[in-house]
Amino acid sequence: MTVALGASAYSVAIFHLMTHAFFKALLFLAAGSVIIAMHHEQNIWKMGGLRKYMPITWITFLVGTLALVGTPFFAGFYSKDSILEAVHLSQTPGHTIAFVAVLLGVFVTSFYSFRLYFVVFHGKERFNTEEQHDTHASHDAHDDHHHGGVPHEPPAVVTIPLILLAIPSVIIGALTIGPMLYGDVFSSSIFVNPEHNPLHPMAEEYHGWWQYALHSFINVNIPAFWLALAGAVSAWYMYLKRPELPGQIQAKFAQSKPLAILQTTLEQKYWFDYINERYIAGGGRLLGRGLWKYSDAGLIDGLIVNGTSKAIGWLATIVRRVQTGFLYHYAFAMIIGLLGLLTWVVS
Amino acid sequence: MLAEFPFLSFVIWTPIIGGVAVLFIGDDSPAKAKRLALVVALLTFAFSLPLYGLFNSTLGTMQLQELSPWIPTIDVYYHLGVDGFSMPLILLTSFTTVLVVIAGWEVIQYRVAQYMAAFLVMEGLMIGVFAALDAILFYVFFEAMLIPMFLIIGIWGGPRRVYATIKFFLYTFLGSVFMLVALIYMYFQAGSFDILVFHDLKLDMQEQILIFLAFLIAFAVKVPMWPVHTWLPDAHVEAPTGGSVILAAITLKIGGYGFLRFSLPITPDAASYLDWFIISLSLIAVVYISLVALVQQDMKKLIAYSSIAHMGFVTLGFFIIFNLAENAPGSSGIPMAIEGGMVQMISHGFISGALFLCVGVLYDRLHSRKISDYGGVVNTMPVFAAFMVLFAMANAGLPGTSGFVGEFMVILSSLQANFWIAFLAATTLILGASYTLWLVKRVIFGAVANDGVAALKDINRREIIMLSLLAIMILLVGIWPDPLVSVMHPTVDNLIEHVTRSKL
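If you read the protein sequences in the order shown, they are chains A and B. Under my numbering, the letters of the first sequence match residues 1 to 347, in that order. Under my numbering, the letters of the second sequence match residues 1001 to 1504, in that order.
Check the hints yourself; a few may be wrong.
[Claimed, not checked] Think about it this way: if two alpha-carbon atoms lie no more than 27 Å apart in a straight line, the pair counts; the simulated DSS-like pairs of lysine-lysine are:
id: 1; chain 1: B; residue 1: Lys1301; chain 2: B; residue 2: Lys1370
id: 2; chain 1: B; residue 1: Lys1503; chain 2: B; residue 2: Lys1457
id: 3; chain 1: A; residue 1: Lys293; chain 2: B; residue 2: Lys1441
id: 4; chain 1: A; residue 1: Lys252; chain 2: A; residue 2: Lys46
id: 5; chain 1: A; residue 1: Lys293; chain 2: B; residue 2: Lys1202
id: 6; chain 1: B; residue 1: Lys1441; chain 2: A; residue 2: Lys269
id: 7; chain 1: A; residue 1: Lys310; chain 2: B; residue 2: Lys1301
For the record, the hints were derived by calculation from the structure and aren't laboratory data. Here the structure is a predicted model, which is why all the values come from computation and not from measurement.
The shape of chain B in the complex, shown without the other chains:
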């Protein structure tokens, strides 16, 4: 009976309707708006928790499905469902939104109700992207997501926010137009917009390659992959803390999720044919972007570049499987690569969110993101420094933190495919440690740099709660990743079956 309850609809629409309600309270009583926003975020999180409990992790198929007609004339359905890929990402989204609401509590003074409402609506749309099983429904959520983010950066952003928003919008919009064309083409082939029907659609090689490239443009911009990544550092630098957290923790994952939901199962032959291309771009992301991260002078930019490098591992894990399937069929590396990529996505959601919150904590106090404006923060903010060092270690992939698990799984499976791919991927262990530890050294340690640092106040209870929640998740996934990995096993097997079966 419990499984009949439309949980997915509830986690999508609770924050959207709640967000609209927050908007109606308006800026006349910001305290009330904040409280309602927190209640809505917590309620959504509460609705999302049963997804884990009700999810049957022995099955790789879609679960908790909901189906009702939406636009019957063009066969568009309101079709929802989750598998082992989307369920953890939905939980990550509802968890992160709670943190974002807490993070903006005292910091946002300007148009509080609208700020909170934008994040709640954003949450509903992002969960919609992960839960949609109808291509048009997916596309609507995918595009609608741009609007609240556009407003978040454009209204509460930094000095160059207009440039950053336009860049962000055009980049992502350009990508998704190609996807829409691919979806419509497949509709004419299959007579349905159901994503699961697309999975069984026969397509010849030329069709597959064109569809693959259309999806690639859409998702590569989201991930982002080199060379279509330059919107991300600008968007992060200009976005308010909460916007950066959502951007890094969730929206980047939509790109990775898109590869799993569309590119790999729908066009496996094209993906296999072009895997070298994606692997090269991923390795460039790992090495080139890590070096660029090393020399950044702005903390947010550094973490933004580090995000790109870490997401390189995700795409590497997803596309190394074709090499493995050819050279070592049936090897344990194939499921491990995909699971590694997924773990890396979840882990990066926690770590990058945590680091952006840390930068936010410092920015709220000194109104600077420049590394050179800090130094010796540990002397005045010891509790904060402890958190920041933990998150930095996680970002560098220290064993025992979640950052290690995904990277290690991907490196291990790449090693079964090709030594040099694994070697280049593993350079991130050195480069990642270099840029993160150097950041920590310059910001946290050393002598107290200036009067601003000397007058810093350590984090308050609200900030401790927010950072502790992330620290717990990072350590939990790092020490005991099995609850996360085991829900994915059957889904990964299901995906591999699709991917290794030719669609020609």
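For reference, chain A alone in the conformation it holds in the complex:
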């Protein structure tokens, strides 16, 4: 979306925002459905082969994935492909880097999406039904439909929204690309300098949603479909066909120093969280504690406020000595005072 904004293709950005809303919501809800079926287990390595047990979630999740990676005719295809085309046609500085990055993104998106899909819904069943049954049944026996051994489809309150979101995830792009990008929907709200507007050349080549999708198979400039396919196939090969492969690659990475550093950097998220937690949050706490202990409690309260009261107390202990209670002391002081006063007045 932000790429589309950078290419001055504002209507495309909003179009993608809209299609994305449908399939991303679908994927999150389908993931939720899986998590319910797995008794709040979110680790995908403790799933696998779920398509047999929860067909509705399986199919809708697949639809969402296909839409996400930009399979022709699906909702995500129309918006993603329009973005790619807009960047391709854009003359903004750096558009080539953006274009390459977005194309690479198509491959990576497809790879990780299908990895998730294959690991969760295909392959070996890695969940332990017995253990699930034991731990939950013991303290919650009457609620056994929720804590059964074999995973199963959650109730309609979960599946109906999935179905309702799966339908637009397929058709919303084909339905709205015409009016939203080349029609009048934004004609009174979005204005782009005609020289920078990539939608003008795009409109010349647009001949309806059917042609647009067909063209993607043979588009040499933007091989997005083939990259997505390559991503899906490599995910299939690495996680279903030869599941030992990722581990071997990782072991190779660990042997080479620069690659290992790269891996740690990525795993640590460039240490952003670490810096934030350690230095920004920790620094704030340290500063706060310092100000509190030394300035507030030490200087203001300790020295100035309580110091004043201590000073008065100290002064009082000295002055108090004058009050001896002996009459002759007072009388003597009076005489001395009188003498002093007289001398002062007379001279």
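Starting from the structure of chain A, add chain B where the hints point.
Chain B alone, transformed into the frame defined by chain A:
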């Protein structure tokens, strides 16, 4: 005819006489004393509501005035009146007192009648401070207010209550002595103790600066401003819940109100000359005190420090206007800064009151204010947790709550004056969110921390009513602040006219 009725006298004296009556019922029948106290508080609230209705919000002058001689030999009059600043604060006072009476209903078992009476008398005196237009009358109410609060903390307070009360008393008393000297000096200049006469008094620069500083000492302690703030955390920690609520919701506002009623209109040239000083103290309050709040381990102390930081916005809003008047005369930021400060005062009255009531709810159950003694409260007290999260969001200044409106208005007008002042003020959005959300995270969320938390009972109907009333007010002011802001407009214009006209 209705406007002739002495409403202001009624809202001042109903709670005071009612409080004395509650005192006479005594501790023999605490149930009767509680009921009478509630009736008196509700009656006072009912008397205060017509103030809003009768108030002509197109006028910036004093309204509903009452005037009769009190001590004629020194020209002291019983002179009352309200404008757009004092009227909302009087309503806040009568509203909060009702809540405080409800809050103490089952919780206070020791000397119930005296407890209730102290709060009712306190209410009358605080309203008196807001309504007084005679300097001596103001001073009497201002000082008399210390007595019930001294007793509330000293009798129903925590283990270190004696230290806290003495500190509270001496701090505030020291401040107000200087104010008395300034008032007497002005009496000799003007031949009257009328505050409105003081507003038109000509004073040279040296006089103005000395009078300004005398007022500053008195009001800075009340607000409180850094570095004379250290009485507040101690007083809050030791005070019973009701005492904390009144302290945070009303008495702090008397400091802010004092700036509007005395410092700005009487000594505008000195205020303009020394505005950088107040702005610096306000920004220190915002940044330094927020950081200190972050590391508190006691819930009440955390909220007390957060109060100081939030009150920094009030003084910032009141004193940024001089910078604006110099650099951008006639800009919309000038009235907005003062209105922002006022909205922040009212809003903080609701929010800090609500948070102290929340801490009170937890303290009544587990008898601890330490954050580390809690955790996972949402599991056992879901309804309470919902309220507490709402109030925390309001404290962090989330849009849609009253906490946002005042802060935003002040930041917006500071931005017109100076980018860096606005920048430092805006750090409160991050720091405020940090300390409040971290508090909520540690107290409300997470796993159930201990057996005490596991055995907690959710809030009862009395507590739900009390917290709901505040939640409604916080959302109302947050979503639709206009009924509050519009009554102030002419008063603010009137004040700005006074402030921008030199008194030299």
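Each hint tested on the structure:
Note on Lys1301 of chain B and Lys1370 of chain B: the hinted pairing holds, with a Cα-Cα distance of about 10 Å set against a maximum of 27 Å. A hinted pair counts as satisfied when its Cα atoms are at most 27 Å apart, and Lys1503 of chain B with Lys1457 of chain B does not qualify at roughly 60 Å. Among the hinted pairs, Lys293 of chain A with Lys1441 of chain B is consistent with the structure: their alpha-carbon atoms are about 24 Å apart, no more than 27 Å. For the suggested pair Lys252 of chain A and Lys46 of chain A, the alpha carbons sit about 25 Å apart, so the restraint of at most 27 Å is met.
With a C-alpha separation of about 46 Å, the suggested pair Lys293 of chain A and Lys1202 of chain B falls outside the 27 Å cut-off, and the hint is violated. A distance of roughly 24 Å separates the Cα atoms of Lys1441 of chain B and Lys269 of chain A; the hinted pair therefore holds under the 27 Å criterion. Simply put, Lys310 of chain A and Lys1301 of chain B have alpha-carbon atoms about 25 Å apart, close enough for the 27 Å limit, and the pair holds.
Checked against the numbered hints given earlier, the structure breaks hints 2 and 5 and satisfies all the rest.
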